[in-house]
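Enquirer: Top line first, the protein sequences correspond to chains A and B. Residue 88 in our numbering sits at position 88 of the first sequence, with consecutive numbering throughout. Basically our numbering = 1-based index in the second sequence + 358.
Since the hints were derived computationally from the structure, they do not count as laboratory data. Every value quoted in this text rests on a predicted model; they were computed, and no experiment measured them. For every residue, glycine included, the Cβ atom is placed at its ideal position computed from N, Cα and C. There may be inaccurate statements among the hints.
What the hints assert, rightly or not - Part of the chain B face toward chain A, derived, beta carbon under 7 Å:
# : residue
1 : Trp443
2 : Glu446
3 : Val449
4 : Asn455
5 : Gln456
6 : Gly584
7 : Tyr632
As the list claims (entries may be wrong) - Now the in silico label distances, taken between C-beta atoms and shown as ranges:
#  : chain 1 : residue 1 : chain 2 : residue 2 : range
8  : A       : Val216    : B       : Gln456    : 17 to 25 Å
9  : A       : Ser164    : B       : Thr536    : 41 to 49 Å
10 : A       : Ser166    : B       : Ala521    : 53 to 61 Å
11 : B       : Ser588    : A       : Glu176    : 43 to 51 Å
12 : B       : Val627    : A       : Arg342    : 29 to 37 Å
13 : A       : Leu126    : B       : Val627    : 30 to 38 Å
14 : B       : Leu425    : A       : Val216    : 37 to 45 Å
15 : A       : Leu120    : B       : Thr536    : 41 to 49 Å
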Amino acid sequence: MFYRENGQFKTSYQADQQIFPIMQDRWFIAALLLLAFVGVPFIASDYMFSAILIPFVIMAMAALGVNILVGYCGQISLGSGAFMAVGAYGAYNFFARIPGMPLIPTLILGGLCATVFGILFGLPSLRVRGLYLAVATLAAQFFADWMFLRIKWFTLDTPSGSVSVSNLQVFGMPIESDLSKYLFCLSLLCVVALLAKNLVRGAIGREWMAIRDMDVAAAVIGIRPMYAKLSAFAVSSFIIGMAGALWAFIYLGSWEPSAFSVDQSFRLLFMVIIGGMGSIMGGFLGAAFIVVLPIFLNQFLPVFAAWFGFVISTTVVSHAELMIFGALIVWFLIVEPHGLARLWAIGKQKMRVWPFPY
Amino acid sequence: MGFFLETLLGGLMAGMLYSLVALGFVLIFKASGVFNFAQGAMVLFAALAMARFSEWLNASGLGNLWLVNLIAFAMAAGVMFCVAWVIERLVLRQLVNQEGTTLLMATLGITYFLEGLGQSLFGSDIYKIDIGMPKEPVMAFESTFPGGILINQEDLIAALIAACLVALLSLFFQKTSTGRALRAVADDHQAAQSIGIPLNRIWVIVWCVAGVVALVAGMIWGSKLGVQFSLATVALRALPVVILGGLTSVPGAIIGGLIIGVGEKLSEVYLGPYVGGGIEIWFAYVLALLFLLVRPQGLFGEKIIDRV
């Protein structure tokens, strides 16, 4: 009823192969983009920008990258934090060592560093798979943790690997205010999301999905597992590396290796699983959920407690936060193992057939 | 030569402790196909419970060290049984037949939950467990080598306890009927169910056993390092042990632990100074990775056969 594609006939191959073949989807996306680029800057406060919107946009990009590897190619990775770290420190090295280096090429070079690192640590995926691979990717995580802490060359000899950047600008415009940071990250996210969407619905994306569904069968019908797996690692770590560079440059400003610890890897994997594996939409939903949830709990737990006459200290809040976070994840997996993207799809289907049940 | 042997022995003993944590992983994976990331959190939870119970017993006037530890151990084991039962009831039973990744994520959720619960129930300071282990190192083989070898008595006892636990576990698995049922479930879920083995009860038992293993590991690590949050990260140190030994093999966990322990110590001593030190953590993973490249299922894991 609300969501009917009746009467929308496709008369050319081009129309049939659009990203959003249905008119309602096109309108929805256009409205969403308008809201994100024009509406949000008017209504959001500084706190909204720095605590929620900027982290969400950057994390959504990282989740997109993880989703390509985990959701589309089926290679579980617990080393995403390491790819972010390599992207961040790689970009930092280009930025600090080459005077006058513009920001966007810096970010891309950071992503390329992460690509090389990703391919290197993706090599075991040719031999091992599943849970063994998940643990094997932890090697990348711990190696990166160690590398940026101990090898001083990467951090320009700063103590404990903490570095900082300043004076960021794009095409002569300074990226200093929260609004400009947000718009910059959002534009990059849109470009990356468009590229990712087109990749996964093209030939290479189909190869990834074939490998995910059954790699032996995929090899039998002529898909090269090595090429498909390593290209997934390359694309995914490029996107994650760029997100890492953004996270460090734009969001943190000054950072140390512990900003990209194994916790970050777990969080990224959570985003993908909760958002929905194998869906670009899922990355966004998962990132929103994981970014907003801790802030929500942090703000509202003391309020809830006050209703019942308790005063709780910050340590209790942080422990309760851990517990609720863990419990929610388990609950989510039990109720909807296919993630938020699946809920979205179900909702769409319901709108389509309303008022009939099916 | 003496120094080399000393490092080697230190590595072996550290490896014994790793294999203790790794055992918990293997037990659960064998019986239910769940890769239990929460093992580290269980170690922390169990150690916290034991530390607080023994503190409380001490305060209530029980003088005898052995008695205090025994009662505290029993109480902590009781707590771990409850945890196992609740996890089976509320999580595993709901997730039967889901994919391995989903189960892995669920145990990650449990990890967060247990870390939060343990610290809000038992407090988040550093506690100590005193099980009366002698701290002074002793000299051995003084007649064979000039200067002899320095051995940490604490490590020696810890290794002994670990060895006893492993022997007990293998007795339990080989000789009791419950153990036989556990092995049957590990071999084939459906076949086991069809001859009347109750899967749910088996899972509770396996998580209980893993809980007790976590308690022993937590007790030993706790008395060495103090009971604190970093105990939960012990699991991350034990992961390469599991994949090196193979996810489905108890002897694999032991031998893998020894290999990783020795490899870590030797690399730190002989390789570390050239690259800036602190390589222990990733070296274990890289070592495990290299083994995996030769044998993808780990040293003793079941051979993975692909069928289309």
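Enquirer: Now tell me, hint by hint, if it's right for this structure.
Expert: Okay, the hints, checked on the actual structure:
At about 16 Å, the closest approach between the beta carbon of tryptophan 443 of chain B and any beta carbon in chain A exceeds 7 Å, and the interface hint on this residue is violated. Interface restraint check: glutamate 446 of chain B against chain A, minimum CB-CB distance 13 Å, threshold 7 Å, status violated. For valine 449 of chain B, the suggested interface contact is upheld, since its CB lies about 6 Å from the closest CB of chain A, less than 7 Å. Taken as an interface hint, asparagine 455 of chain B does not check out: its beta carbon lies about 10 Å from the nearest beta carbon of chain A, beyond 7 Å.
Hint status for glutamine 456 of chain B relative to chain A: holds, with the closest Cβ pair at about 6 Å, below 7 Å. A least Cβ separation of about 19 Å between glycine 584 of chain B and chain A goes past the 7 Å threshold, and the interface hint is therefore violated. A least Cβ separation of about 12 Å between tyrosine 632 of chain B and chain A goes past the 7 Å threshold, and the interface hint is therefore violated. Between valine 216 of chain A and glutamine 456 of chain B the beta carbon distance is about 22 Å. The supplied range of 17 to 25 Å therefore holds.
Distance hint check: the CB atoms of serine 164 of chain A and threonine 536 of chain B are about 59 Å apart, inconsistent with the given range 41 to 49 Å. Serine 166 of chain A and alanine 521 of chain B have their C-beta atoms about 57 Å apart, which keeps the hinted 53 to 61 Å range intact. The given range of 43 to 51 Å is broken by serine 588 of chain B and glutamate 176 of chain A, whose C-beta atoms sit roughly 38 Å from each other. Hint check: valine 627 of chain B to arginine 342 of chain A, Cβ distance near 52 Å, so the stated range 29 to 37 Å is violated.
A C-beta distance of roughly 33 Å is found between leucine 126 of chain A and valine 627 of chain B, which places it inside the suggested range of 30 to 38 Å. A beta carbon spacing of about 59 Å between leucine 425 of chain B and valine 216 of chain A contradicts the range 37 to 45 Å that was offered as a hint. Distance hint for leucine 120 of chain A and threonine 536 of chain B: a CB-CB separation of about 46 Å, consistent with the stated range 41 to 49 Å.
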